[in-house]
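Visitor: For reference, the chains in residue letters:
2 protein chains.
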Amino acid sequence: MEFSARQKLIIDIVKENEPITGDNIAAKLNLTKPTLRNDLSLLTMTGVLDARPKVGYIYSGQTIEPLLFEKLYTKKVDDIMIPAVFIKQDTSLKEAITDLFMYDVGSLYVVNEGKRLVGLLSRKDLLRSVLTNSEESIPVAVVMSRMPNIVTITPDKTILSAGSKLMQQQIDSLPVVEKGTNDKIIGKITKTRIMNHFIEEGIKVKAHNE
Amino acid sequence: MEFSARQKLIIDIVKENEPITGDNIAAKLNLTKPTLRNDLSLLTMTGVLDARPKVGYIYSGQTIEPLLFEKLYTKKVDDIMIPAVFIKQDTSLKEAITDLFMYDVGSLYVVNEGKRLVGLLSRKDLLRSVLTNSEESIPVAVVMSRMPNIVTITPDKTILSAGSKLMQQQIDSLPVVEKGTNDKIIGKITKTRIMNHFIEEGIKVKAHNE
Numbered sequence: 001m002e003f004s005a006r007q008k009l010i011i012d013i014v015k016e017n018e019p020i021t022g023d024n025i026a027a028k029l030n031l032t033k034p035t036l037r038n039d040l041s042l043l044t045m046t047g048v049l050d051a052r053p054k055v056g057y058i059y060s061g062q063t064i065e066p067l068l069f070e071k072l073y074t075k076k077v078d079d080i081m082i083p084a085v086f087i088k089q090d091t092s093l094k095e096a097i098t099d100l101f102m103y104d105v106g107s108l109y110v111v112n113e114g115k116r117l118v119g120l121l122s123r124k125d126l127l128r129s130v131l132t133n134s135e136e137s138i139p140v141a142v143v144m145s146r147m148p149n150i151v152t153i154t155p156d157k158t159i160l161s162a163g164s165k166l167m168q169q170q171i172d173s174l175p176v177v178e179k180g181t182n183d184k185i186i187g188k189i190t191k192t193r194i195m196n197h198f199i200e201e202g203i204k205v206k207a208h209n210e
Numbered sequence: 001m002e003f004s005a006r007q008k009l010i011i012d013i014v015k016e017n018e019p020i021t022g023d024n025i026a027a028k029l030n031l032t033k034p035t036l037r038n039d040l041s042l043l044t045m046t047g048v049l050d051a052r053p054k055v056g057y058i059y060s061g062q063t064i065e066p067l068l069f070e071k072l073y074t075k076k077v078d079d080i081m082i083p084a085v086f087i088k089q090d091t092s093l094k095e096a097i098t099d100l101f102m103y104d105v106g107s108l109y110v111v112n113e114g115k116r117l118v119g120l121l122s123r124k125d126l127l128r129s130v131l132t133n134s135e136e137s138i139p140v141a142v143v144m145s146r147m148p149n150i151v152t153i154t155p156d157k158t159i160l161s162a163g164s165k166l167m168q169q170q171i172d173s174l175p176v177v178e179k180g181t182n183d184k185i186i187g188k189i190t191k192t193r194i195m196n197h198f199i200e201e202g203i204k205v206k207a208h209n210e
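From first to last, the protein sequence lines are chains A and B.
First residue of the first sequence? That's 1 in my numbering, and the numbers climb one at a time after it.
First residue of the second sequence? That's 1 in my numbering, and the numbers climb one at a time after it.
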């Protein structure tokens, strides 16, 4: 169930002004009370608002589920992205693997002087290079995945679209690049980060329902 | 918002018998129609049921969100677990790394003859063993994580609890072991699988709302 724009507006008004009568809500919206009757009934019946006789509506805060989809999926990449670890093109393979453990990350981003993304090294890339007996002293530039073959995302996109890209491309992380900056990197979003986001929200809802 | 047990029962009855009158729903539940009034109003107002004058209630199928929490979190590990790739203790490090690429997985499970779990090798474990210059011919038994230091889960647990374990333990995969069998392994559940589950459900809801 998704609330309409007007219903969301009513929730906001009640949150800020509680207790508030139906007449006053209607006044704030420049509408008549009968126009709002259905919206107010629905919000009361779903438990989002509490209607107290002779007092007015108050926000129950009791149900967070109606907005669950939004919290989970339409939040922006910007809200949950995490810092990325950068290395340079001439970093050796051995140093890169060490960095991966030092910072305990699943991928390293190779950048140039302007912090523009030129390549990406995943745990899998590093393991593959080892399997093919690459010398540990060769620079990462030799084995990294290279732009423009790297899928990136901008911070204004939704978590759902970031997750869809990770799923469809079967990759573990997406560099977040500033919009219109020719790949200036500002963070990353990973499968782990997205799963943790979903689990954290789930734990909150569960605690709330108990 | 979480529907009550009775409301869920009503939804099921309508799904199976639509169109069905309020009186007939009440009869099937051995209740009077007035007792059901509030439930039926709520189900109608939230759009789950459609009330057609002189016809009865039909299931709108229009809102899947009220049950979103359940679909996402209270589903069982059993419903989404995937096959695991098994190796034996005497597999060489080199063979194990090759298997990881051949099957394109993030972890290998080391089992004994009875398919009981004895160890686990992650991409990270393999990379670490390479970094510390382990010979590629040594058996995986030397470098694997070993029971009982491996966190496992049983198939009857919820996705929320599997995800919480992955998050808290900061690991990428959980072996799924049959309950009461002394670690007989029947599958695995990974961060990737859980993220994909959430994203797939999100895509469905979004398509539905459009």
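Heads up, some of the hints might be wrong.
Pairs involving identical chains hold if they fit within one copy or between any two copies, as the list cannot separate such chains.
To be verified - In silico DSSO-like cross-links for lysine-lysine, where the CA-CA straight-line distance does not exceed 30 Å:
| id | residue 1 | residue 2 |
| --- | --- | --- |
| 1 | Lys54 | Lys75 |
| 2 | Lys179 | Lys76 |
| 3 | Lys206 | Lys179 |
| 4 | Lys71 | Lys206 |
| 5 | Lys28 | Lys71 |
| 6 | Lys54 | Lys28 |
| 7 | Lys33 | Lys179 |
| 8 | Lys206 | Lys75 |
| 9 | Lys184 | Lys165 |
| 10 | Lys179 | Lys165 |
| 11 | Lys179 | Lys204 |
| 12 | Lys75 | Lys157 |
| 13 | Lys15 | Lys94 |
| 14 | Lys179 | Lys94 |
I should point out that these hints are in silico values taken from the structure, not numbers from a laboratory.
A quick note: this is a predicted structure, and the numbers were derived from the prediction, not measured.
Visitor: Each hint: holds or not?
Guide: Hints, one by one, checked against the model:
1. Lys54 - Lys75: Answer is neither; intra-copy 38 Å and inter-copy 43 Å both fail.
2. Lys179 - Lys76: Answer is within: at 14 Å inside a copy they meet the 30 Å cutoff, but 40 Å across does not.
3. Lys206 - Lys179: between (36 Å within a copy, 25 Å between copies)
4. Lys71 - Lys206: For lysine 71 and lysine 206, the Cα distance is within 30 Å both inside one copy (14 Å) and across copies (13 Å).
5. Lys28 - Lys71: Answer is within: at 27 Å inside a copy they meet the 30 Å cutoff, but 38 Å across does not.
6. Lys54 - Lys28: For lysine 54 and lysine 28, the Cα distance is within 30 Å only inside one copy (19 Å; across copies 39 Å).
7. Lys33 - Lys179: neither (44 Å within a copy, 58 Å between copies)
8. Lys206 - Lys75: both (20 Å within a copy, 14 Å between copies)
9. Lys184 - Lys165: For lysine 184 and lysine 165, only the intra-copy Cα distance (19 Å) is at most 30 Å; the inter-copy one is 35 Å.
10. Lys179 - Lys165: Within one copy only: 17 Å inside a chain, 36 Å across chains, cut-off 30 Å.
11. Lys179 - Lys204: between (32 Å within a copy, 28 Å between copies)
12. Lys75 - Lys157: The answer is both: 8 Å in one copy and 28 Å across copies each meet 30 Å.
13. Lys15 - Lys94: neither (56 Å within a copy, 61 Å between copies)
14. Lys179 - Lys94: For lysine 179 and lysine 94, neither the intra-copy (33 Å) nor the inter-copy (43 Å) Cα distance is at most 30 Å.
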